Amino acid sequence: MDRDENYICRCEEVTEDEIRTAIRGGARSVKEIKRWTRSGMGICQGRTCRRLVERILAEELGLAPGEVESSSFRPPVRPVSLDSMDGSRDPSTHGSGG
Amino acid sequence: MPVNPDSPDLDERTLKTLGAPSLAELKAAGVVPSREEMAARPCVCVECIEEIPCNPCETSCPQGALTVGQPITNLPVLDRDKCTACGLCIPACPGLAVVIKSLEGNLAKIRFPWEYLPGPAKGEEVEMVDRLGNPVCPGTVVSVINPARNNRTAVVTAEFPAEHVDEVISMRRKTWP
Amino acid sequence: MTIRADTAVLGAGVNGMSTAYELCRRGRSVVLVDKVVMGAGASGSCDDMILLQSKKPGILLEMAFRSLELFRDLQGELPCDIEFDTRGGTILIETPEELAVMEDFVARQNKYGLAVEIVDARRLRELQPHVTDRVIASTYSARDSQVNPMLLMKGFFLGASAKGLTFLRRSRPESLTPRNGRWEIKLSTGETLETGTVVNATGAWANEISGLLGLRFPIAPRKGQVLVTEQLPPLGETNVWSAQYIVSKLRPAGTSAPGAASWMSGPEEARTAAGYGLGFAFTGTHSGNYLIGSTRENAGYDKATDPEALGLLARQVIHYFPVMKDVHFIRTFAGLRPSTPDGMPVIGEVPGFPGFFMAAGHEGDGIALSPITGRVAADLVEGRKPEFSLESFRPERFLEGQGDLDEAASG
Amino acid sequence: MERETRPAVVVGAGPAGLCAAIELKRAGAPVLLLDENSKPGGQLFKQIHKFFGSQEHRAGVRGFEIGKDLLRESLDLGIDVRLDTEVVGLDPNLNVWAVEARKRSYTLEASRVILATGATENAVPFPGWTLPGVMTAGCAQTLINVHRVLPGRRVLVVGSGNVGVIVAYQLLQAGAEVAAVIEAAPALGGYGVHTAKVRRAGVPMLVRTTIVRAEGSEGVERAVLAEVDGKFKPVPGTERTLEVDAICLAVGLTPSIELAALAGCRTFFVPELGGHMPLHDEFMRSSVPAVYVVGDIAGVEEASTAMEEGRLAGIHAAHSMGYLDREEMERRTADTRRRLRALRQGVFGEKRFVAKERVLAEKEKECP
Amino acid sequence: MTDAPELSAVNRVTRHAVLGDLEAAREVRIWFEGRPLSAREGEPILSALVAAGVGVLRHTKKGSPRRMFCGIGRCTDCVMTVDGVPGVRTCVTAVRDGMRVERQAGVGRWAREEERDGA
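Protein chains in written order, with our numbering: chain L, 31 to 128; chain B, 20 to 196; chain D, 23 to 433; chain U, 4 to 371; chain H, 6 to 124.
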């Protein structure tokens with residue numbers, strides 16, 4: 031490993047340079063950076079790098095941290111094994127109302 | 020660490036830079052007893068100089084000598100006349116900020132909280148440290164108590180040369196053999 | 023502020039970006055507008071397959087052939103890797119009935135020039151070692167390919183940007199007005215565009231945009247839910263579909279569903295699956311994530327995924343590939359594919375609205391057809407004859423009976 | 004009012020979630036408490052120091068003991084606690100998607116959802132931060148205090164907030180050495196009493212200092228530090244090396260808002276409380292009226308405030324489900340709010356109080 | 006099963022001033038890269054490995070070593086191949102008697118059928 035390589039996304043091993051390059055190339059949202067660089071596309075789904083990317087984006091674009099649009103979220107919020115998906119409803123709480 | 024008694028100025032503030040308050044900072048907060056007081060009786064020193072929401076020292080004191088009042092972010096105020104130096108406030112303080120110091124001739128005595136293993140034993144020779152963790156002088160453990168009500172905060176009493184009474188706050192941690 | 027350009031392309035999905043890229047490449051000034059960001063619609067929520075086999079012989083298949091050639095060029099021409107790859111595709115066949123249908127389908131494809139063969143179970147296992155024993159045969163086409171839609175869009179964007187593209191994000195067109203032979207577009211950001219031509223490439227939202235002119239196109243969102251797995255060691259060589267899915271694609275929407283598949287618990291589940299328009303599309307990306315799709319639902323603009331549909335997709339993939347049992351999925355998404363009643367996109371100038379072009383309604387073929395869509399749309403904008411006859415895609419096929427057309431045009 | 008029979012589902016059995024469930028059950032409302040861990044208690048079981056506050060906040064009691072007490076209370080009340088149950092999805096119609104023991108996925112329909120999902124630790128990236136030995140402070144705390152394993156022998160702690168200083172103390176207690184606690188800001192962040200007890204154990208605390216690199220082949224062997232200028236950039240020529248085998252990052256927490264976002268709760272950026280967090284009202288109701296947010300998800304504070312917020316939400320949810328009349332709800336929440344106010348005072352608390360007031364005002368403005 | 010030497014629990018915190026002496030727990034035997042080690046019933050695989058002094062749990066696609074980061078199932082740094090299944094979060098997966106835990110390189114590999122059956 032290059033000792034000066036600064037990874038932002040640990041899962042996909044995306045470097046700070048790659049993220050800054052994407053922003054300078056025209057990526058302007060966390061979503062676009064993610065798609066261009068794979069930062070946040072790894073198994074943790076951005077749980078560690080999301081904030082770091084937002085910070086770099088703010089820095090590059092001269093925005094306050096709160097002005098960077100927050101990322102969107104998709105389920106599941108944890109990895110789920112395919113085998114577990116029987117899709118049933120929980121019988122013990124299936125109320126009549128609703 | 021020599022402290023110039025004439026300059027209790029705020030240049031000496033170290034709580035937020037080095038992690039521990041300087042003697043000057045503590046003196047400015049009025050929590051450092053004089054040598055005369057320490058020679059007269061054991062003195063509780065509550066080295067709590069930041070407003071945090073906390074008052075177990077007040078509720079632990081059977082004499083009503085420690086007052087926080089409302090709001091609970093007040094700094095504790097000690098009434099030395101009411102204090103019997105019973106030491107219940109030492110393990111009660113969640114911040115481990117209370118010690119009791121006294122002077123007897125050439126010897127100083129300190130009671131301080133201790134939450135490390137291995138713990139010291141009575142009669143053991145230890146190294147006393149100042150607030151920055153620097154070794155100051157040798158000391159001798161006089162007693163170690165840790166009754167159930169302390170909830171695993173032991174109270175250690177140690178003796179050491181009197182000239183270091185202001186600097187010493189605790190002892191150096193020991194390691195397993 | 024007013025921005026002037028030759029052309030405004032509405033919609034930064036893959037077809038809008040391809041069109042913008044092509045126009046920029048030809049030296050025109052282009053403003054690309056999206057109400058969200060790049061690829062916020064179907065183009066960013068889809069799999070990576072360019073499956074020729076799924077297409078009925080006809081103009082779409084011809085255009086897909088041409089797209090494949092263009093993808094090969096784009097792979098070298100665009101400023102970034104687009105992960106274009108030709109790994110072949112297989113359609114898994116489980117029953118003799120499916121086999122019969124597929125043999126007929128494959129025969130027609132071959133006649134049309136798409137080389138597809140039926141391979142037996144043994145040969146299939148060389149291509150897909152982990153496939154279930156229940157599969158009795160499969161089709162195989164060596165030309166089925168893949169491309170990374172995210173990188174394709176990035177490539178179009180970077181390529182167009184190098185030629186002067188202006189891109190406006192988070193800008194929603196609020197009005198479209200013909201004025202002195204040009205178009206004036208007011209955006210939600212307060213900006214105004216003034217352009218000679220407008221291309222509506224807003225996919226599932228194309229009807230909303232055309233609505234600004236009083237036009238109604240029956241382009242409706244059709245939801246496809248997809249599971250994304252963690253990165254896996256490679257499973258096999260090819261893209262995978264199920265014959266069941268092709269059979270359902272061949273059948274017009276709304277007709278009766280097939281019986282319960284072998285992995286279903288019974289007819290009730292078969293009805294549920296049919297309600298979701300459940301199909302099977304399974305592909306591994308360059309990074310090792312596998313995409314498991316898909317449903318085909320009429321659910322409006324709701325992009326939520328639901329555990330019931332995801333459960334069906336999960337159980338289905340385990341049925342075909344038992345080794346997937348212990349694999350985790352890390353993400354789900356749903357794309358809104360822009361569908362039309364006749365399964366054909368809408369590409370062409372809208373009569374009565376000179377300079378207003380449609381390039382939308384590709385449903386599941388958006389990525390596969392994007393290079394050629396960009397080409398022909400650019401031809402139309404430039405007033406040149408496109409390399410394909412766009413007869414089947416003419417906008418006016420959906421506009422009959424909209425009597426206010428002329429009125430709208432003059433107003 | 005007819006009583007709601009579908010359960011209130013509480014996600015997260017930390018201090019906030021436990022208290023919410025306890026108040027719901029006490030009021031007689033049907034409640035389900037779900038937690039992804041095999042033990043409830045959340046972060047309380049990592050907290051082995053005595054808590055601050057007053058007697059009514061359980062001051063002087065150690066965090067894990069408070070956890071045990073809350074557990075006992077919830078068991079005595081007969082609360083249905085489902086452990087090893089990850090809630091992986093939630094929709095605006097309150098369909099909860101749960102996975103039990105990583106083996107069985109199911110959905111259930113809740114009448115109220117109380118999100119007590121806590122916070123996620125922030126990171127600070129530097130070359131070498133992926134090396135074995137670099138971990139979050141919470142990781143070290145879990146290993147030491149819950150699993151009784153030492154993750155390093157000589158440790159650098161990055162960040163001097165309460166979490167950093169507490170983890171330094173816990174490392175010492177577990178028998179490790181702490182090479183230093185470093186802080187990029189000009190002042191240490193944590194309570195002075197915490198820093199003082201760590202400092203007197205001989206741990207250097209360095210302000211205006213950052214880590215520029217971790218070095219090592221198969222794991223951390225060294226950390227390279229440097230002083231920073233006013234813009235937090237390393238000053239050339241100030242580098243120095245510490246021999247360490249572990250580095251703990253304690254650089255703040257961000258509310259874990261994923262489920263709230265999936266449910267459609269509107270969020271608001273509040274730097275003092277950790278970043279984007281769901282808007283909520285004085286009863287901890289989010290912009291989706293049947294969804295409540297309590298504890299760190301509703302702004303990063305402390306276990307003591309989390310417990311009070313959990314109580315507020317639990318009491319109000321029970322009321323809204325028809326199990327407490329308004330008068331009783333108001334009586335019970337008044338006490339809770341008084342205790343909460345007491346905790347949000349002083350140099351540390353007042354800032355959070357002001358920030359919380361901003362959240363309430365924004366909620367009022369956005370969804371009256 | 007193997008003659009490989011046992012890994013001993015060098016990093017176990019057995020005595021603690023606040024938490025007290027480590028309570029006895031039922032012992033569970035697991036195998037790390039073919040070497041046996043004893044774990045405490047109910048604890049996660051990760052803590053058993055850290056207790057045994059294991060420093061590297063996997064290597065990434067680019068070949069860099071990893072151990073753990075968050076320790077609570079969020080970051081997934083600590084994934085390993087467990088009983089032939091790659092990608093298992095060892096910080097939130099409890100040890101089981103006879104469990105075989107292996108480092109994985111990149112995304113790991115598919116276990117052969119017989120390996121999986123042996124689980």
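Since the hints were made in silico from the structure, they are not lab data. Every value quoted in this text rests on a predicted model; they were computed, and no experiment measured them. Where hints are given, some of them may not hold.
DMTMM-like, lysine to aspartate or glutamate: derived pairs with alpha carbons at most 20 angstroms apart [stated by the list, open to error]:
{"#": "1", "chain 1": "H", "residue 1": "Lys67", "chain 2": "U", "residue 2": "Glu218"}
{"#": "2", "chain 1": "U", "residue 1": "Lys71", "chain 2": "H", "residue 2": "Glu28"}
{"#": "3", "chain 1": "D", "residue 1": "Lys407", "chain 2": "D", "residue 2": "Glu418"}
{"#": "4", "chain 1": "U", "residue 1": "Lys106", "chain 2": "H", "residue 2": "Glu28"}
{"#": "5", "chain 1": "B", "residue 1": "Lys46", "chain 2": "B", "residue 2": "Asp149"}
{"#": "6", "chain 1": "H", "residue 1": "Lys66", "chain 2": "U", "residue 2": "Glu221"}
{"#": "7", "chain 1": "B", "residue 1": "Lys193", "chain 2": "U", "residue 2": "Glu221"}
{"#": "8", "chain 1": "U", "residue 1": "Lys234", "chain 2": "L", "residue 2": "Glu46"}
{"#": "9", "chain 1": "H", "residue 1": "Lys67", "chain 2": "L", "residue 2": "Glu89"}
{"#": "10", "chain 1": "L", "residue 1": "Lys61", "chain 2": "L", "residue 2": "Glu46"}
{"#": "11", "chain 1": "U", "residue 1": "Lys42", "chain 2": "U", "residue 2": "Glu5"}
{"#": "12", "chain 1": "D", "residue 1": "Lys407", "chain 2": "D", "residue 2": "Asp103"}
{"#": "13", "chain 1": "U", "residue 1": "Lys236", "chain 2": "L", "residue 2": "Asp47"}
{"#": "14", "chain 1": "L", "residue 1": "Lys61", "chain 2": "D", "residue 2": "Asp103"}
{"#": "15", "chain 1": "U", "residue 1": "Lys71", "chain 2": "H", "residue 2": "Glu11"}
{"#": "16", "chain 1": "H", "residue 1": "Lys67", "chain 2": "U", "residue 2": "Asp284"}
So, going through the hints one by one against the coordinates:
no.	hint	in the structure
1	H:Lys67 <-> U:Glu218	holds, 17 angstroms
2	U:Lys71 <-> H:Glu28	holds, 17 angstroms
3	D:Lys407 <-> D:Glu418	holds, 18 angstroms
4	U:Lys106 <-> H:Glu28	violated, 30 angstroms
5	B:Lys46 <-> B:Asp149	holds, 16 angstroms
6	H:Lys66 <-> U:Glu221	holds, 15 angstroms
7	B:Lys193 <-> U:Glu221	violated, 31 angstroms
8	U:Lys234 <-> L:Glu46	holds, 19 angstroms
9	H:Lys67 <-> L:Glu89	violated, 28 angstroms
10	L:Lys61 <-> L:Glu46	holds, 16 angstroms
11	U:Lys42 <-> U:Glu5	violated, 35 angstroms
12	D:Lys407 <-> D:Asp103	violated, 31 angstroms
13	U:Lys236 <-> L:Asp47	holds, 17 angstroms
14	L:Lys61 <-> D:Asp103	holds, 19 angstroms
15	U:Lys71 <-> H:Glu11	violated, 36 angstroms
16	H:Lys67 <-> U:Asp284	violated, 48 angstroms
The structure is inconsistent with the numbered hints 4, 7, 9, 11, 12, 15, 16, although it conforms to all the rest.
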